[in-house]
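So the protein sequences, as listed, match chains A and B. Under the working numbering, think of the first position of the first sequence as 279, with each following residue one higher. Under the working numbering, think of the first position of the second sequence as 279, with each following residue one higher.
Bear in mind the hints are in silico, worked out from the structure with no lab data behind them. You may find that some hints are simply not true.
Identical chains share a label here; the pair holds if one copy fits it or two copies do between them.
Pairs of lysine-lysine residues, derived as BS3-like cross-links and limited to a Cα-Cα distance of at most 25 Å, are as follows [as the list claims (entries may be wrong)]:
#, residue 1, residue 2
1, K480, K436
2, K601, K461
3, K283, K629
4, K436, K883
5, K619, K345
6, K601, K460
7, K460, K552
8, K552, K601
9, K757, K285
10, K482, K619
11, K482, K496
12, K496, K629
Please read all numbers here as calculations on a predicted model, not as lab measurements.
There are 2 protein chains.
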Amino acid sequence: MANVKRKLRVRFSPDNVDITVPEGWSLLKAALSAGVHINAACGGNGVCGTCKVLIRKGEVESTRSDKLSAEEYQQGYRLACQSRVLSDLVVDIPVESRLETAVLSREMKMATAEAKAAELVATGWGFNPPLSKCYVELVPPTIRNNVSDLSRLLRGLKRRCNISNVSVDFDVVGNLPQVLRKKGGQVTVSTLVKAVKTKADKRKPTVIKVEAGNTAQKHYSLAFDIGTTTVSGQLLDLNRGRVLAEGMAYNGQRSYGADVITRIGYSQTPGGLKRLQQAVVTTINQIIDELVSQSQVEIRHIGHMIVAGNPTMAHILLGLDPKYLRLAPYTPVASFIPPIKARSLGIRVGKHVYLFTFPSVASYVGGDIVSGVVGVGLHQRKELTLYMDIGTNGEVVVGNADWMVTASCSAGPAFEGGGIKHGMIATKGAIQDFDIDPATLELTLHTIGGEKPRGICGSGLINTIAGLLEAGVIGQNGKFNADLKTSRIRKGGDGYEYVLAWAGETETGLDIVITEVDIDNLIRAKAAMYAGCQTLTKSVGLKLSDLEQVIIAGAFGSHIDIERSITIGLLPDMRQDRFIFVGNGSLTGARLTSFSTDLLDDARKVAMMMTNLELSERVDFMNNYVAALFLPHTHTEEFPSVARRLAG
Amino acid sequence: MANVKRKLRVRFSPDNVDITVPEGWSLLKAALSAGVHINAACGGNGVCGTCKVLIRKGEVESTRSDKLSAEEYQQGYRLACQSRVLSDLVVDIPVESRLETAVLSREMKMATAEAKAAELVATGWGFNPPLSKCYVELVPPTIRNNVSDLSRLLRGLKRRCNISNVSVDFDVVGNLPQVLRKKGGQVTVSTLVKAVKTKADKRKPTVIKVEAGNTAQKHYSLAFDIGTTTVSGQLLDLNRGRVLAEGMAYNGQRSYGADVITRIGYSQTPGGLKRLQQAVVTTINQIIDELVSQSQVEIRHIGHMIVAGNPTMAHILLGLDPKYLRLAPYTPVASFIPPIKARSLGIRVGKHVYLFTFPSVASYVGGDIVSGVVGVGLHQRKELTLYMDIGTNGEVVVGNADWMVTASCSAGPAFEGGGIKHGMIATKGAIQDFDIDPATLELTLHTIGGEKPRGICGSGLINTIAGLLEAGVIGQNGKFNADLKTSRIRKGGDGYEYVLAWAGETETGLDIVITEVDIDNLIRAKAAMYAGCQTLTKSVGLKLSDLEQVIIAGAFGSHIDIERSITIGLLPDMRQDRFIFVGNGSLTGARLTSFSTDLLDDARKVAMMMTNLELSERVDFMNNYVAALFLPHTHTEEFPSVARRLAG
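Take the sequences, apply the hints, and build the full model.
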C-alpha cells in the first residue's frame with residue numbers, strides 16, 4: 279500500500295477502545311473508526327464545540343477553539359475534530375461529549391482496525407432517540423385539584439420533561455389508577471415518536487407506557503436487519519448510546535427458498551405467507567432470547583424496535599402480500615409502512631413495543647438500503663460515492679448528498695454461504711481467510727474465533743477463490759486445473775472439488791471442500807453485483823472510474839479483503855484507499871436511527887430523494903452480467919491490476 | 279298560556295317535515311324546531327347568506343339581504359334567519375343550505391311541536407363529519423410510475439378529495455393489493471378525524487378503511503347516549519345528515535345496581551368490572567341490531583361511533599377502573615380518552631370502527647353533559663342559562679358562552695321509571711300523561727302509541743303525581759289522603775297505593791299502581807335536582823330568578839310538562855316561556871358532533887372551560903335538599919304559582 283505514515287495507537291477511555299491510525303488523522307475520525315461515537319453536531323467543522331475531549335497522555339496538534347475556556351485548554355481539553363494525532367494517545371471522552379460508545383459489530387472488532395476502518399457512519403446527528411423515558415413525581419390529587427389521572431400525568435410530563443402535545447395509547451390509560459398510586463405518584467413515562475416528519479418541531483410523541491417508580495435507567499431498544507439469508511439484531515442501551523449485545527442467525531425462511539423470488543412464489547401457496555412470516559418471527563425471537571441472555575436485560579424494559587429489510591422481507595414480516603413485488607410493474611404494497619405493535623406479529627416483546635420499518639424506494643430496493651445510506655451518512659457526503667450492499671438481494675446506490683440512484687441486483691445467497699456445499703454463516707469456526715503456498719499448494723486456514731473449521735463463510739469464499747485463482751489452482755473460467763499434482767483436487771459428486779480442510783482437522787470430522795458448482799455460484803453472484811454497479815453508474819452518464827468513494831456493506835463475513843474482491847471481479851479495479859468497508863450497513867442504520875430521531879427523519883427524505891432503476895428492464899444489464907461471468911472479467915482491460923498479478 | 283298569536287303551519291320540502299309555529303317566528307327558528315337543519319354559519323345574524331331558502335307557497339316578512347341576487351329574490355329566495363312567518367308556508371331548502379334534515383328523536387315527533395319546541399340545538403356549525411368517504415379512481419401503475427399501492431392511494435386521495443397529511447391504520451395496508459385491483463383502481467376511502475383539536479387546520483385524518491368500488495353513498499355512523507338507566511342510540515346517514523333509525527333500551531347493568539355508586543361498588547368485586555362492561559355492551563349490541571333492522575343498513579357500512587355517557591358509564595364501557603371516581607378527591611382515570619376500536623370492547627361493528635367518547639369534566643360530571651351542552655349550543659348562547667339533564671345521574675350547568683359551572687346530583691332512577699313499582703322505559707304502552715276529573719276522581723290515561731297501559735314512564739310519573747297533588751289525592755308530604763271516597767286508594771304491600779289502571783284495562787292483566795314508596799322516590803329525585811340547581815346557582819352569586827333560560831334535557835319520557843314539573847317542585851317556578859325542552863340532549867350532542875368536526879372540537883373547549891362544583895362537599899346542598907323533600911317545597915314562597923293553584 280502507498281500509505282507510509284507512522285501508525286499510532288489511540289486508546290479511548292472510559293471504554294478502553296483501542297485503534298491504530300495513521301499519524302495526522304483527526305481524533306474525531308479516529309474515534310468514529312474505532313466505533314466510539316462523539317457528539318459532533320456541526321459535522322466536524324469546529325463550530326459547535328460539542329466534541330470536547332481530554333487528552334490524558336500523548337501529543338496532538340490542535341487548532342485552538344473559542345469553544346474551549348482558557349482553563350479547559352490548560353487542563354488538556356481539545357475539540358476532537360480540530361486535533362490531529364501526533365503520538366500514541368490516551369483520550370478521555372467526557373460524558374457530555376459521548377454519544378454512542380458502540381461496541382461495534384463483531385466484524386469490526388475483529389478487523390485489524392489500522393487502515394480499513396474509516397469514516398464509517400453518519401455524523402452530525404443529535405442524540406435524541408425516538409423512544410424517551412421520563413421520570414415524574416406527580417403531585418397527589420386534592421379536592422381542589424382533582425383532575426383525571428391522565429391529566430395529572432400529562433401535566434407532570436410537561437412540567438418535568440417539557441413534553442407536551444402528546445398522543446396517548448389507550449392501553450396506557452387502562453392501568454393508570456394503579457400505576458399512579460403504587461409508588462405515591464412516582465412514575466416513569468415512555469414516549470415514542472412514531473411518525474417520521476419533515477420538520478423536527480412537528481414531532482408529536484405518543485405515550486406508550488407508564489411504569490410505577492423510577493425505571494428511567496432501564497431504557498433499551500432493538501435494532502434488526504432482516505436479510506434474505508441472514509438476520510442480525512442488536513440490543514441497545516438508549517441512555518448511553520451503546521450496543522449491549524448482538525446476535526445473528528440464518529433466516530428461518532431459508533427452508534422455503536434461497537432468494538426472494540422463490541419466497542414470493544411460496545407465499546402464494548395456501549398458508550404460505552403465514553408460514554414464511556412465522557419462520558422469520560421465530561428467528562427474530564431466537565435472536566432476542568440470545569440478546570437478552572447475553573446482556574441480562576429484562577425483556578419488559580425493551581421499548582422499541584427498528585427493523586431494516588428489503589421489500590420482500592419487510593412485506594412478509596408484516597404479513598403483507600408480496601405478490602406484486604415480482605410482477606411488472608413491480609409495486610410494493612406500501613413504501614412507508616405505519617408502525618405496528620411488534621407483539622401483533624408474534625414478536626415476544628412487551629405489548630407496548632412498536633415496530634418501525636424503514637421506508638423503501640421500490641419493489642426490490644428497500645428499507646435496508648435506505649437504512650444503510652442513512653447509517654453510513656451517504657446523504658451527508660459531498661463525494662461521488664458508490665454504496666454496495668453485498669448480499670443475497672444485492673443493492674447498489676450511486677450519488678451523494680444532492681442526488682442518488684439505486685438498483686437491486688439479485689445475487690443469490692453465495693455471499694452469505696448459502697447454496698455453497700460447505701457454506702455457513704459468519705460465526706465461530708467459519709473459514710474466513712486463507713494463505714496458500716504457491717510452491718507446495720499447501721494451505722493455512724484462518725477461522726473465526728481460531729476454532730476448528732466447520733465450514734466457509736461468504737468472505738472466506740471470496741478469499742479462497744481469489745487465492746486459488748492467483749495460485750493457478752483454478753482458471754479464469756472457474757474450473758479446476760485438474761493437471762496439478764495435489765491430492766486436494768479430486769472428483770466429487772458435483773464435478774471437481776478442492777479440499778480446504780481434511781476430515782481430521784475439522785470440527786465436523788468431514789472434509790471441507792469447494793466445488794466447481796460453488797465457484798460457479800460465486801461467479802454469478804459477483805457478476806450480478808458488478809454488472810449492477812456498471813449499469814447504474816452508466817445510467818447517470820458516469821464511469822466506474824469517476825467514483826471518488828466506494829462504500830461496501832454486507833452481513834456476509836468477518837471482513838472483506840479489498841484486493842481479493844477485486845481479483846475475482848466483485849469490486850471495480852480502483853485504488854484501495856477509495857474503498858471503505860462498513861460491515862452490516864443496514865444494521866448500522868437501524869442502530870443509529872434508534873439513537874437519533876433526526877436520522878429517522880433523514881430516512882424519510884432519503885427514501886423520497888432516491889430514484890430507482892429497474893435493471894431487469896435494461897438490455898445493457900444483461901450484457902454486462904454475461905461479460906462478468908469470468909474471473910475477474912471477460913474484458914481484462916477493466917481489471918489491469920489483476921491482469922498484471924495473474925500474468926506474474 | 280299567555281301566547282295568543284295565530285298558529286301557522288310550515289312545511290319544509292324536500293323532506294316534507296311539518297311544524298306549527300306562532301305567527302312571526304323566524305323561518306330559521308321554525309326549521310330548527312322542526313328538526314330541519316339549515317346551514318347558518320353566522321348563527322342567524324343575516325351576515326353569511328348560507329341559510330338561503332325558497333318560499334314555494336305562502337307569505338313571509340323578510341329583510342332584503344345583499345347576499346341574495348336580484349334574480350334570486352325575484353324567484354322567491356329568502357334568508358331563513360331574516361324571514362318571519364306570516365301565513366301557512368311551503369319552503370324548499372336548496373341542497374346547499376341543507377345541513378341535517380333530522381327526523382328528530384321519537385320524543386320530538388310525538389310532542390305537539392307548537393309551543394314547546396324552540397331553539398333546540400346548536401347552530402352555526404359546518405357540516406363536516408369527522409368520518410368522510412371519498413371515491414377515487416386510481417391511475418394504474420406503470421413501469422415508469424410504480425410507486426407503492428399505498429402511495430398511489432394517497433396521491434389519489436389528495437388529487438380527488440384534497441385530503442393530504444393523513445395517517446394510515448396498519449389494518450388498511452394489509453389488503454390494499456387486492457382492494458386496489460378488484461375494480462380496476464376504483465376505491466372508496468374512509469378517513470376519520472380521531473383527535474379533537476383547538477384549530478381546524480390542525481386536523482389530521484386517519485385512513486381507516488379502503489373498499490373496492492364506489493361505496494360513498496353508504497356512509498353511516500352511530501350516536502349513543504349511555505345512561506345509568508337507559509341507553510339510547512341513533513343510526514345516522516352521514517351524507518344527508520339524517521337520523522335513519524333510533525332505539526332505546528334499559529342498560530343491562532341495572533341488574534347490578536340502580537345507581538352509579540352501587541355499580542362502582544360492584545365493579546370492585548372479582549370479575550365485576552368485566553361483567554358490567556359486558557352488560558352494557560350487550561345492550562349496545564341489541565340496540566345496534568334494532569337500528570340495523572329498522573333501517574336496512576348493512577353493519578359493514580357503519581364507520582364511526584360517538585358515545586356520550588357519565589364518567590362511571592364511560593369508565594365501565596371502556597374497561598377502566600371506576601374505583602377512584604367515588605373516593606375523595608374523586609379523580610377519573612382520564613377526562614380525554616383516546617379513541618379505541620369499538621370491536622375491542624365487544625361491540626359488533628366493523629373492525630375499522632373507532633369509538634369516540636366525549637371528554638368529561640370531573641368524576642361525576644361527564645361526557646354526557648359536555649355532549650348536551652354542545653348539542654344545545656349552550657356554549658354559543660349569550661343568555662344566562664340553566665341546563666338540567668334530568669336522569670339517574672342528574673347534572674346541571676349554569677352559564678353561557680363565556681363561563682360555565684356544573685355539578686352532579688345523584689337523583690336515582692325514578693325519572694327513568696327505575697325503582698318505581700310499575701315503572702318502565704318510555705316506550706309503547708307507557709303511561710305518559712293523565713287527566714283526572716276533580717269531582718269523580720276518575721282518570722283518563724294517555725299512553726305512548728295509544729296502546730293498552732303496561733306501566734308508567736318517568737314523565738308519566740311526574741304528570742300523575744302532580745295531578746294527584748292538585749286533585750288533593752295526595753298531600754304535600756307525598757302521602758295519600760286515605761279519607762277520599764275512591765276505591766283507587768287502597769292499602770298494598772308498600773303502604774298506601776293508588777290504582778292508575780285496573781287489571782282489565784292493562785296489557786299485563788294486572789293493576790297498575792303508584793305506591794307511597796314510588797312517590798317518596800320521586801320526591802327524593804326531584805329534591806336532588808332542584809337543590810343542585812339552587813346550590814350551583816348560588817355558588818356563583820346568582821339566584822334562580824336571575825336565569826334567562828332553562829334548558830331541560832333527559833332521556834326520561836316522551837316529553838315533560840313544564841307546569842306539572844313546577845307543581846311537584848322539580849323545576850323552579852318561573853315564566854313558562856323561559857323553559858326549553860330538548861329531549862335527550864346528550865344524544866343530540868352525540869348526533870350533531872357526528873355531523874360536525876367543528877362541534878367535536880367545541881366539545882374539547884367546553885370540557886376545558888367548565889368548572890366543577892362537588893355538591894357532596896357542601897353543607898348548603900344538604901340543607902337545600904332536605905328543604906326540597908316536600909311537594910312542591912318546604913319554603914312555599916319559592917313556588918308562588920303552585921301555592922295559588924293548590925290553594926284554589
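Hint check:
1. Proximity of K480 to K436 under the C-alpha cut-off of 25 Å is found in both arrangements, the shortest distances being 17 Å within a copy and 21 Å between copies.
2. For the identical chains of this complex, K601 and K461 are inter-copy neighbours only, at 18 Å across copies versus 52 Å inside a copy, given an alpha-carbon limit of 25 Å.
3. For a Cα distance limit of 25 Å, the shortest separation of K283 from K629 qualifies neither inside one copy, at 54 Å, nor across copies, at 67 Å.
4. Taking the shortest alpha-carbon separations for K436 and K883, only the inter-copy value of 20 Å comes in at or below 25 Å, while the best intra-copy value is 30 Å.
5. For the homomeric pair K619 and K345, neither the shortest alpha-carbon distance inside one copy (44 Å) nor that between copies (53 Å) is at most 25 Å.
6. Proximity of K601 to K460 under the C-alpha cut-off of 25 Å is restricted to the inter-copy arrangement: shortest distance 15 Å between copies versus 50 Å within a copy.
7. Taking identical chains as interchangeable, the C-alpha atoms of K460 and K552 lie at most 25 Å apart only when they sit on different chains, with a minimum of 22 Å there against 41 Å within one chain.
8. When the C-alpha separation of K552 and K601 is checked against a cutoff of 25 Å, the pair qualifies only within one copy, where the shortest distance is 14 Å, while the shortest distance between copies is 43 Å.
9. Proximity of K757 to K285 under the C-alpha cut-off of 25 Å is found in neither arrangement, the shortest distances being 41 Å within a copy and 107 Å between copies.
10. Taking CA atoms no more than 25 Å apart as the test, K482 paired with K619 passes in both settings, with 18 Å inside one copy and 21 Å between copies.
11. In this assembly of identical chains, the alpha carbons of K482 and K496 lie at most 25 Å apart only when taken from the same copy (23 Å versus 34 Å across copies).
12. For the homomeric pair K496 and K629, the shortest alpha-carbon distance inside one copy (17 Å) is at most 25 Å, but the shortest distance between copies (35 Å) is not.
Checked against the numbered hints given earlier, the structure breaks hints 3, 5 and 9 and satisfies all the rest.
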